[in-house]
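Read top to bottom, the protein sequences are chains A and B.
Counting in the working numbering, the first sequence runs from 8 upward without gaps.
Counting in the working numbering, the second sequence runs from 8 upward without gaps.
FYI, nobody ran anything at the bench for these hints, they're computed from the structure.
Don't be surprised by glycine CBs; every beta carbon is placed ideally from N, CA and C.
Incorrect hints may have been included.
As the list claims (entries may be wrong) - Partial selection, computed: residues in chain A whose CB lies under 7 Å from chain B:
#: 1; residue: Arg23
#: 2; residue: Ser114
#: 3; residue: Glu319
#: 4; residue: Thr322
#: 5; residue: Ala325
#: 6; residue: Val326
#: 7; residue: Gly327
#: 8; residue: Ala328
#: 9; residue: Pro405
#: 10; residue: Ile406
As the list claims (entries may be wrong) - Taking lysine to aspartate or glutamate pairs in the EDC-like style, the calculated list, with each CA pair at most 20 Å apart, reads:
#: 11; chain 1: A; residue 1: Lys199; chain 2: A; residue 2: Asp146
#: 12; chain 1: A; residue 1: Lys91; chain 2: A; residue 2: Asp284
#: 13; chain 1: A; residue 1: Lys399; chain 2: B; residue 2: Asp87
#: 14; chain 1: A; residue 1: Lys399; chain 2: B; residue 2: Glu196
#: 15; chain 1: A; residue 1: Lys221; chain 2: A; residue 2: Asp238
#: 16; chain 1: B; residue 1: Lys96; chain 2: B; residue 2: Asp85
Each chain, letter by letter, is given below.
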Amino acid sequence: MRVGPTFNVAFRALRRNKMRSVLTALGIIIGVAAVIAMVGIGNGAKAQVEAQIASLGQNVILIFSGSTTSSGIRTGWGGAGTLKIEDAAAIRREVPDVTAVSEEVTSNTQVAAGNQNWFTRIYGESADYFDIRQWPLADGAPFTPQDVRSANKVCVIGRTTATEIYGNDNPIGQVLRVKHVPFTVSGVLTTKGLSAHGVDQDDIVVMPYTSAMKRVAGGTTLRNINVQVADAKQMSAAQQQIIELLRQRHNIQAGRDDDFTVRNQQEIADAATATTDVMTGLLGAIAGVSLVVGGIGIMNIMLVSVTERTREIGTRMAVGAHGRDILTQFLIEAISLSSVGGIIGIVVGIAAAKTIAVTRHWPTRISLTSIIAAFSVSALIGIFFGFYPARKAARLDPIEALRYE
Amino acid sequence: MNNGAVVKLVDVHKTYRTGEMEVHAVRGVSLEIRRGEFVALMGASGSGKSTLMNILGCLDRPTTGQYILDAADVSRLDRDQLAGIRNRKLGFVFQSFNLLPRTSARENVELPLLYGAHRLTNAQLREKADQVLASVGLGGREDHHPSQLSGGEQQRVAIARALINDPELVLADEPTGNLDSRTSVEIMEIFQQLNERRITILMVTHEQEIASYARRNVLMRDGIVRQDFAVTQRLEAAMELERLARSTTEP
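Extracted from the complex, chain A is given alone in its bound form (with noise of 0.2 Å):
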């Protein structure tokens, strides 16, 4: 038959029970805005996080001195002194596809200029470190090559550095004291944020590694080196001819393990992005189990509707319907309500999405993905659940549905 008068039916049905039909769409309409919200939730940090790394600079290969194993040993990254300077100049040398090489070392310090001081970090760089980071100054100019040869007393400071300590002023040409060394600032970073761990990337004081290593932090080794190749494509090769190089030059025999560490950016972004994956699947799993619960719900009010109106249904089949007729009716009853509250869930779970990126500042992103499959599964979940009552209405014996009391 007939499907469009069963339509008709199952939805004068509906109508007659207005507020039970909106109290059990809502169980969808919560499950389904939880999935997406929270899925949007996710995917926003996944994003944020996939900027971060981004952030870090193009075919970047990061070697660390220490080695997550060494001699048995297990040191954190950049925990055994290592990498050498020279260590450096042979990569920039003999590694055909670097591009630029940035030698660093770091050191926690307290920084002071007038009556003002501030507790930051100190990074040591080679003149190429803003072209590796990608990070262009806002004002001012970087040190230079020349700088770092003869360790000069210049650096380049963050924007929260620059507020800590000069306020309103303008910091460039100023003196910084590090240490007690006075350094003249010549150039201010552009703003970066936070970063993928939640440190503040402006809170930083960018130096010459020379003089840092001499006059701030001490010390004759790296605590790493930021390497940046040409081409994607050449990543993998550059790096075994990095982790050869190192090997030959720190005397390391065939089958004991490296004194260093290479990371590429690739593998950071790959772990980062696996944790936020996880996040987001474990936010979509919660939010699921609510649109599982929504779905029982319907299978309930079904049951209920079923029992309540079996005199109903007796009188439908005295009248004529099949059993496929009653079981059209209720089964359409069923994903109506869950596929209406599937679509007002969705736009709930966008407006619940934007409210949280503008309160909360949190990054959210809806993507058309889960909007696709909270609606499909919703419907799914109507049919699913909706069609044991249904079948259950349809086996009526019409002589004990209609004498039913």
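Guided by the hints, dock chain B onto chain A, whose structure is given.
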């Protein structure tokens, strides 16, 4: 229009099995109902009249025997085929009306059309339903819900629903069981009017007085037909109503 039998039962038996027990509810009924008859089927509870009614209404099948409805054997049809027969050839009136709640009189009357083979537009459905409602005296009440109608009016909606597909046979199961005596007579008046239009009616009742509005009474006991006779002193509902009106105005 053929003048032969609308209903023909040939040695119909119905046996239920409840656990080890076999219940012989109907034990050999042969019955013929011609077009235009108005039959009252009577009997005490347990006499088998409800079982026979279910068989006649194509809600149930006989265990043995034949049921010919409108010249077609319907005794061996399956569930869906029986549903089709009920839709096209039968009209049901129940003791408790069985109207859909919170649904207008018009929509209740349209119900059998929704399950029919004919595809009608909403306007056609509406026109047909309103016409039948007017014929049972409910013109102007099409949009009322059952809760806004009196018992007699609800039963008239049910009668309109039974008539909407021009059935071969109207089956009424204790149609006055839930109504007061005056309203009962009003319903009998409608049945008699329908019968004047040569609509065949089979009515189950246990009230002798109600049975007297029919043309023929069939009395069942212990699963068989004990008596089958034409009503000699037939009551005319219209006259009864006049008499009732007089008696209420007199002191």
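To see whether the hints hold, each was checked on the structure:
{"no.": "1", "hint": "Arg23", "in the structure": "holds (4 Å)"}
{"no.": "2", "hint": "Ser114", "in the structure": "violated (79 Å)"}
{"no.": "3", "hint": "Glu319", "in the structure": "holds (6 Å)"}
{"no.": "4", "hint": "Thr322", "in the structure": "holds (4 Å)"}
{"no.": "5", "hint": "Ala325", "in the structure": "holds (5 Å)"}
{"no.": "6", "hint": "Val326", "in the structure": "holds (4 Å)"}
{"no.": "7", "hint": "Gly327", "in the structure": "holds (2 Å)"}
{"no.": "8", "hint": "Ala328", "in the structure": "holds (5 Å)"}
{"no.": "9", "hint": "Pro405", "in the structure": "holds (5 Å)"}
{"no.": "10", "hint": "Ile406", "in the structure": "holds (5 Å)"}
{"no.": "11", "hint": "Lys199/A with Asp146/A", "in the structure": "holds (14 Å)"}
{"no.": "12", "hint": "Lys91/A with Asp284/A", "in the structure": "violated (38 Å)"}
{"no.": "13", "hint": "Lys399/A with Asp87/B", "in the structure": "holds (16 Å)"}
{"no.": "14", "hint": "Lys399/A with Glu196/B", "in the structure": "violated (40 Å)"}
{"no.": "15", "hint": "Lys221/A with Asp238/A", "in the structure": "violated (34 Å)"}
{"no.": "16", "hint": "Lys96/B with Asp85/B", "in the structure": "holds (16 Å)"}
The structure does not agree with the numbered hints 2, 12, 14 and 15 stated previously, though it agrees with the rest.
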